[in-house]
Every structure is written in structure tokens, then in C-alpha cells.
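Visitor: Chain by chain, the residues run as shown.
There are 2 protein chains.
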Amino acid sequence: MTRIVRTVAELRQHVRAWKAAGEHVALIPTMGALHDGHLSLIRLAQTKVQRTVASVFVNPKQFAPHEDFDAYPRGEARDAQLLETAGCDLLFAPSGAEMYPQGFATTINLTGVSEPLEGAARPQFFGGVATVVTKLLIQAEPDIAVFGEKDYQQLQVIRRVTRDLDLPVEIVGAPTARAEDGLALSSRNAYLSAGERAAAVALPNAMKAAIAAVRAGGRIDEAEAAGKAALAAAGFRQVDYFDFRDADDLSRLGPDALNEAKPRLLAAAWLGKTRLIDNMGF
Amino acid sequence: MTRIVRTVAELRQHVRAWKAAGEHVALIPTMGALHDGHLSLIRLAQTKVQRTVASVFVNPKQFAPHEDFDAYPRGEARDAQLLETAGCDLLFAPSGAEMYPQGFATTINLTGVSEPLEGAARPQFFGGVATVVTKLLIQAEPDIAVFGEKDYQQLQVIRRVTRDLDLPVEIVGAPTARAEDGLALSSRNAYLSAGERAAAVALPNAMKAAIAAVRAGGRIDEAEAAGKAALAAAGFRQVDYFDFRDADDLSRLGPDALNEAKPRLLAAAWLGKTRLIDNMGF
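As given, the protein sequences belong to chains B and S, one line each in that order.
In terms of our numbering, the first sequence opens at residue 1 and continues consecutively.
In terms of our numbering, the second sequence opens at residue 1 and continues consecutively.
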């Protein structure tokens with residue numbers, strides 16, 4: 001079985017021993033409820049370094065009081081089994097008290113890339129993400145850390161905070177893993193009923209159609225409006241955003257995305273009680 | 001001469017070479033304008049580790065627009081000479097662009113210990129301090145870092161953020177260095193006129209008297225009021241605070257400080273255009 005450690009001291013003991021032996025180490029931070037998307041991050045890490053560490057911590061600081069912290073799927077035994085199958089060397093599964101001991105008082109906040117999209121919909125989200133990821137990177141001292149492009153804005157926030165704080169780690173983004181019908185893999189897909197799961201494919205389909213329309217010379221605002229209409233028609237009850245943005249800083253694009261250096265389409269929409277997000281490059 | 005490096009890459013090259021050779025390393029962060037107080041931090045570090053690195057960076061993020069960032073005393077050649085005399089191994093003197101490159105967007109904020117006293121008088125101060133010190137600790141990767149007790153609340157803020165972010169460094173507090181008459185050494189003492197310098201001794205004297213009064217059974221509130229009155233009589237134009245506080249979290253003390261576990265007296269007051277701070281334990 002993949003070894004499980006619960007304290008920073010044990011985590012560092014393993015990582016430092018590997019590094020002392022000349023091995024390089026990857027950290028793959030997760031909130032558990034592992035699926036093939038997470039395992040693809042581990043496989044990518046294994047092509048780059050000798051040792052992989054997955055962390056599983058459902059971070060209370062990135063959930064607002066009305067969000068799904070309590071309901072978020074948890075199952076350590078299953079997660080550990082999947083990590084074992086993937087050949088992951090170590091699972092770091094700290095308690096809440098190990099991560100945020102009595103008197104904890106520090107928050108890492110970003111301006112800029114953290115503000116639109118997810119930041120607008122979930123005001124405390126990226127402060128919580130930046131704080132816990134910074135802690136995990138300092139705790140584990142990895143050479144690289146791998147994050148999925150599925151959470152694209154999160155990836156850009158983590159790139160920014162890592163650069164800003166001079167953390168000696170390379171941040172690697174991994175392509176979004178998708179189901180056969182194109183839906184991005186997500187732990188929150190477990191919330192979908194069978195009918196909702198069937199409808200969910202409208203999200204990647206609407207995104208592909210919007211990108212194709214803009215590629216064919218269509219206007220960005222019209223492609224965004226058509227995408228939102230397609231989602232509403234498919235049964236999505238609300239679209240938080242369906243936006244073409246600059247791929248680096250997530251600022252709004254000018255009227256013709258194809259003239260921009262790196263456009264990216266990002267979307268978030270609600271199917272019943274489940275909020276799905278996705279993004280695609282050109 | 002003490003070697004000067006200006007980039008994080010060069011800094012890490014030196015520190016990592018020392019550590020690879022089995023030597024331990026201390027960082028002494030400063031804003032330059034070095035005096036015997038700073039040199040006492042280096043001497044303390046030299047009793048604990050083999051290698052000492054001083055940083056000199058006047059951090060714009062901890063000054064408000066109306067404060068003395070532009071006027072803050074600077075003189076690298078003199079600083080480097082003093083470090084050479086003290087036997088300091090390396091001076092890290094980064095540019096503003098090296099510390100805060102284009103697009104920098106991250107701030108580290110604390111609640112609790114950062115909020116009263118200096119935090120109340122200077123709302124952006126500790127966010128700036130926590131951000132730059134965290135960066136310096138991540139940049140330099142020292143085994144220990146030494147800070148003067150002169151900036152006592154800053155020391156407690158740094159202890160808290162270091163613990164909260166799991167930075168692998170021991171924070172060492174060094175006793176306040178004082179002039180013969182008792183005035184705490186400070187780079188800002190350079191702002192004092194001869195008359196103000198003579199009057200400034202009223203600050204440590206009023207603090208010693210307040211501690212003696214409380215020790216003799218006097219009431220805290222009366223000792224604080226008497227201290228403020230003494231400073232006004234000595235020509236201080238404003239007292240920001242003159243408070244007995246809990247030495248760990250700087251919370252207000254109950255009516256009898258001597259029954260508290262660890263009381264500490266902290267004061268800040270203005271002499272002309274110069275703001276002096278000091279603190280003393282029991």
C-alpha cells in the first residue's frame with residue numbers, strides 16, 4: 001500500500017531522504033475523492049521525477065459557509081487504493097489541526113488573476129487555495145507540483161503566488177481528463193443524477209461550438225451568448241460565466257479573440273444543485 | 001569586503017553551497033542604515049551558526065504613502081563596511097524589481113497579533129512586513145533568522161506567520177541594543193535633533209518607572225497614565241500607545257499585570273517628526 005503520513009514532520013522526513021539520495025520529488029495536491037483526472041496528474045509527474053507524493057486535504061478555508069464542505073465526497077481507503085495502483089509513493093493526509101493549528105492567523109491574498117470568474121462567484125475561494133497550496137509547497141518541499149488545467153484559474157493563481165513568493169518549485173499544468181462524451185472529470189460529478197449527467201455533456205459541447213464559431217470568424221459576444229443559450233436549453237439553471245479570456249491573466253479580451261495572443265474559454269454553470277466548471281484553449 | 005549579491009539565484013547559490021558543506025546559515029533581515037543594534041543580531045547569530053547573511057531592503061510595502069519611505073536613511077557602502085567589520089559572510093541587497101517584479105500580486109495578511117498597537121497606527125505595516133519577511137525566508141532558506149526585540153510586535157508577527165506557513169526556520173529574538181542613557185538604538189534616531197535626542201531618554205525612563213510602579217503594586221491604568229504624562233512633560237507631542245500587554249499575543253491585560261503569565265510594556269510616541277517605539281519585559 002502507498003504509505004500514509006499525517007504530519008509535516010513525517011512528510012519532510014520522507015521527501016528529504018529521497019532528495020538526499022538524488023531523487024526528484026513531485027507533489028500532487030488534491031482534495032481526495034480521486035478519479036482518473038487525479039491519476040493522470042500522477043502519471044504525468046512520474047514521467048518527470050522519481051518520487052510522487054499526493055496530498056489529500058479537504059481545505060475548509062476555500063469553502064464559503066453555504067458551500068459543500070460537509071458534503072464534499074471523502075473516502076481515504078479508496079483514495080489510498082487508487083494511489084497504490086497508480087504507483088504513488090506517499091499519501092500526505094493531514095488533519096485539520098495539523099494544517100491549521102490553534103491560533104492560526106495567516107491568509108495569502110492575490111489581486112489580479114484571482115479576481116474575475118471563480119473569484120467573483122466565490123469571494124474567499126482563492127485566498128483559501130493560495131494559503132493551503134503555499135503551505136503544502138513549503139511543507140513538502142517538492143521539485144515540481146502538478147495541477148490540472150481543469151481548474152485553470154486556480155492553476156494561474158498558483159503560478160502567480162509561487163512566483164511572487166519565490167517558492168523553489170516548478171508548477172506543471174496537466175491537460176484536463178475527460179469522460180468519453182467529453183465531460184471534464186470532477187469529484188463533484190458524483191453529485192449529478194443520471195439525468196443531470198446526461199445533460200452535463202452540453203457544457204463541453206457548447207464550449208467546442210463557441211470556439212469553432214469564433215474560429216470561423218464569429219463575434220466573441222455572439223458566441224458567448226449562443227453558448228449560454230445552449231446551456232439553458234440543455235437544462236442548466238444558471239450560467240455564472242461563459243467567457244473568452246486572456247489565457248495568462250484572465251483579463252477580458254478585445255472583440256476579436258483570434259488576434260489576441262492566447263485566448264481561452266472558461267465556463268461555470270449550475271445543473272440542479274451542482275456547479276460544473278470547464279475551460280478550453282484554442 | 002563582505003560579498004554583495006543582488007539576485008535570489010546568487011543568494012541561493014551561496015547558501016546551498018554552505019549547507020551542502022554541512023554549515024548552518026542565519027539570515028538577518030534589515031532595512032539598512034545599520035547600527036550597533038543590527039550588529040548585535042549578527043554577533044548573536046554567529047554564536048549559533050557558521051554562516052551569516054544580512055539582507056538590506058527598504059521595503060516599500062510596509063510604508064504608507066505619507067510615511068518616510070523616501071527619506072528612510074540609505075547608505076550601502078557604509079552598511080557593507082559595518083558588515084565586513086562584524087564578520088558577516090554575505091550581504092543580500094536586491095533591487096525593488098527583484099523583490100516585486102512586474103505583475104506582483106500577493107499579500108500575506110494576519111489577524112490577531114498584528115492588529116493592535118503598530119497595526120492600529122499603521123494599517124498596512126504588518127501585511128508589508130509579513131510579505132517581505134516570508135519572501136526573504138523562502139529566498140534565503142536559512143536555518144535560523146534573527147530579529148531584534150526592539151520591534152517586538154513585528155517579532156511576534158513573524159513568529160506567527162512562520163509557524164502558520166510551516167517555514168522550516170527557527171526565529172530567534174535578540175535583546176534590544178541601547179545607548180548608554182537607555183534609548184533603544186534605531187535607524188530613525190538619525191532624524192532626531194540634538195535637543196530631541198536629549199529628550200528621547202524620557203521614553204525608556206518612563207517605561208522603567210511604569211514597570212517599577214506596577215511591580216510595587218500600582219494599578220496598570222495609573223502607571224500607563226503616568227507614563228504618558230511623563231512623555232508629554234518631556235516634550236513628546238503625541239503618544240500612540242503606552243500599554244501593558246500579554247507578551248505572546250499582545251492582547252490587553254487584566255487589571256493586575258503581575259498575575260498575568262508574561263506581561264510586556266510597549267510604547268510608541270512622537271518627538272517632533274520622529275516616531276519612536278520601545279518595549280520592555282518585566
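There may be inaccurate statements among the hints.
If chains are identical, the list can't say which one is meant, so a pair holds when it fits in one copy or spans any two.
[Unchecked claim] Derived pair list, reagent style DMTMM-like, types lysine to aspartate or glutamate, alpha-carbon separation capped at 25 Å: (1) Lys61 <-> Glu115; (2) Lys19 <-> Glu170; (3) Lys61 <-> Glu10; (4) Lys19 <-> Glu222; (5) Lys208 <-> Glu23.
Please keep in mind that the hints were generated in silico from the structure rather than gathered at the bench.
Visitor: Check each numbered hint against the structure and report the violated ones by number, ascending.
Guide: Hints 4 and 5 contradicted; others consistent.
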